[in-house]
Every structure is written in C-alpha cells, then in structure tokens.
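The task is simple: from the sequences and hints, build the whole structure.
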Amino acid sequence: MRSLIDILDLSVEEIDQLIATACDIIDHPDDYAEACKRKKLATLFFEPSTRTRLSFEAAMLELGGSVISMASAASSSASKGESVADTAKVISCYADIIAMRHPKEGAALVAANNASVPVINAGDGGHCHPTQTLADLLTIYREKGRLNDLTVGFCGDLKFGRTVHSLINALSRYTGIEIVLISPEELKLPSYVKKDVLQKNDIPYVQTTSLEEAMPQLDILYMTRVQRERFFNEEDYLRLKDSYILDLKKLENAKPDLCVMHPLPRVNEIAVAVDDDPRACYFKQVLAGKYMRMALILKLLKEASV
Amino acid sequence: MNIDSIQNGVVIDHITAGGGMKLYELLGLDAVDCSVALIRNVGSKKMGRKDIIKIDAAIPVNLDVIGYVDPGATVNVIRDGQLVDKRSIDMPERLVNVIKCKNPRCITSCEQELDHVVRLTDRENKVYRCIYCETKAN
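Chains A and B are the protein sequences, given in the same order. Numbered per this note's numbering, the first sequence spans residues 84 to 389. Numbered per this note's numbering, the second sequence spans residues 4 to 141.
Calculated directly from the structure, the hints in this document are not laboratory data. Hints may contain errors.
Some chain A residues near chain B, calculated using beta-carbon distances under 8 angstroms [as the list claims (entries may be wrong)]:
1) Ser-166
2) Val-167
3) Lys-187
4) Glu-188
5) Gly-189
6) Ala-190
7) Leu-192
8) Val-193
9) Asn-197
10) Gly-208
11) Gly-209
12) Phe-243
What follows is a set of in silico ranges between Cβ atoms, one per label pair, in the way DEER data are often shown [as the list claims (entries may be wrong)]:
13) A/Val-350 / B/Val-35: 54 to 64 angstroms
14) B/Leu-86 / A/Gly-164: 50 to 60 angstroms
15) A/Pro-131 / B/Pro-107: 14 to 24 angstroms
16) A/Glu-165 / B/Ile-42: 48 to 58 angstroms
17) A/Gly-164 / B/Val-45: 49 to 59 angstroms
18) A/Arg-322 / B/Gly-31: 38 to 48 angstroms
Quick list of in silico lysine to aspartate or glutamate cross-link-like pairs, EDC-like style, CA-CA up to 16 angstroms [said to hold, decoys possible]:
19) A/Lys-385 / A/Glu-97
20) A/Lys-278 / B/Asp-16
21) B/Lys-57 / B/Asp-16
22) A/Lys-283 / B/Glu-127
23) A/Lys-324 / A/Glu-268
24) B/Lys-139 / A/Asp-107
Source: prediction; values computed, not measured. Positions of the beta carbon are idealized from the N, C-alpha and C atoms, including for glycine.
Laid out in structure tokens, this is it:
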C-alpha cells in the first residue's frame, strides 16, 4: 500500500505530476468536485494543528469525499494506551485514507506499516512534514514558473525546522539551486543535512547570521518560527525566539520579485505590515497546501484502487 | 598466554583491537552456557593488534551483528578440530533489535513492542540510522 511519509518517497516526476494536477484543480475545480465521492478521509491528530487538519479536511470535501476526524490524543484510544499500530489497523476499517499527525518521530511510518489504506504523514514530531513541502513547491512553481535555477534563503530555526529540512531535500533534486542558510549559531542547519543532502548533491550553499546581507541575492526567502515545543529548555527558547524579524525596511534591499514564504503560524518573525507587500506569499502558500493535498489524496486513492 | 584450540565451535578473528568486548556483548555471549574466550590485543602481522573471540560450541552467531561492529572480522567454523568454513563479513543493510534508538522523541521510545530497526545509510562512513526517526545509531 502506497503511503507518503517523507517527501523523498515521491520521485521528481511524481512531484511534477502532482503540481500539474494541483494546477488543473485550481483552473477546473468543478471537474474534481465528485472525484472522491463515497470515499472517507480519517484525520488523526495526536497533537493539535488546526491549520493542517482543516486543510486536509477541506481538500477531501472539495473532492466530494467525507471526513471522519480525531482532533486530539485526549479524545482517542491513545489516551487509554492503544498503540499507533493498533490505531492504524482499526481506522483502516473505517476510512479509505488516513492523514496523521503525531508528536513522536516515525509514528507515521509505524501507522503506514500497519494500516491497510494509504497513510499521509501530516507531521511526525520534528521529523517530516511532506505535505507542507508539497505546498511550498507548488507556491514556488506558481510564483516563479519553475523549480530550478533559484537562490533560496532559509531563515530562523534551521535546526529543528522540519519544513526546512524537507524543502532542502526536495529542492536538492532540481538543477541550478543555491541555498543561503541564515540562522543564529545555536539554530544552524544540522551537519548531517549539509553533508547528506547539500554536499552529496553538489548544491552550493553559504551560512550567515545576517538576513540583511543575504537579502539582495534571494529569489525565495523562507522564514521560520522558533518553535517553543522543540526546546527542552525554556531559557534557550526565550533567548532565540526573536533572532530574526522581517519588516519592510529589511525588504528594501530585496529583489522586486522576491517570494517571501513561511509555513505558518507566525509569531512575530514577519511584521504584519509585510502582509500587504506583493512579495508576501505565505497566505498563498496555505491555499497551495489545500490544492496539493487534493492532488495527493487523488493520487494515493487511485493507486490504492489498482 | 595460551588458549587451547577448540574442537567444535566458532572463532571470530581479525576483530579490530578494542572492539572485542562490544561484539561479545552484542552477540549475547555473556548468556551462553559454553566456554567463550575473549582475547584482547593479540599480536597480528596484518593488523598489529587484534581481538579474537573463541566460542567452544557450534552455536549460531549473528553475522549481521559482526558486520555492524566490525566488517573486517572473519568467522571461522571449526568442526572436529578442522577449519570447515571461513567467512568474511559485510556490513548488513538492516539490523533488527541489536541497537536501541536513543532519540527520546522517537516513536520507539514510547511504544515498547516496536522492533528497533536501523538501516545502513552511508557505507563509506559506516553510518546507520533509525528507520523511524533517522537518528544516527552509532
């Protein structure tokens, strides 16, 4: 049974096909309005994430399907001690496809290994969040018309930011990509990502602590939030949370066609005034997420029915 | 120092000096009934120094564990005092329930029934990673 746990589970050709499907859904939504009629999506969220869960649910509803939902671990059998494996087996009896978020890394793989329907990883702790990456790729494609020959800056928490690691992984398979890593010393991209992804794929990259210096060369600026839940130590979180704040002044040196992205939710790392700048793409990114999830649900259900 | 040769059993030879104890532990040799000799820092023309493990019984040994700890080791099977099989070892692609993932955020940290599985991700640098959370295992 085909599932999606990691963005690298998809080939470049499959990602390109998903982008093509998502673009077609955007242009011809009525053609897909009953594409998943009589199919059910189960959203299993063992940790709270309103936006991702609603995005999956909206995606399924727009495909004409139905949704059954578990919005928190407290309301599930997990609170009684049921294993992820058993939960996956049980929910497979009710639903045709599962989207699951869990605080533990690797939980989605355990679910996929035990479910008899496709499982989509909607985030497993600090590990993977492949549908966010699909949303990011569609946003870049719609804004730039390509996924190659781009200088992409990642700013903020590059250590714990799973969206950053996933997007770097995905972009490393395209040509002409240059990466600029902007972070405080303590939140630098882990060395294994640099070694196993960037160096292995000969992707040129530079590391800096200055957003201002990096800004002029960027085609894409991917901002991230310093996530409280990834820290064991509250003092470290408080010290680092305001490391980078993007405002209109910092954007003065940016390219006129820069694309500013953020996986959201933001706290204060992007000033609200930036929202009205045409270069702000983070709300378009949210919409892109819904369309890519629609394309993905269609693909996995189609493959499951063969 | 003399250790008698064995009649029926297994000799794990060419273990990198200092690696014998880890192999002894991971192979669970502390729990077997037969005689086992762990000989450390033996002189070797080829290696300078090496460790050797002699097991005085024809018990099965997990070659994957040996390949994980020391792919340069060799396994000699002795029967009636004669060498009947000599195997060089390769690094295994996967190891199941040999090493535990130490990442407290990994699903294996809270679901006790799950197998601890690592896979080889970098043969050149002998790097194994947990299949669930991808944390480096060694």
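Index of numbered hints that the structure contradicts, given in increasing order: 9, 12, 20, 24
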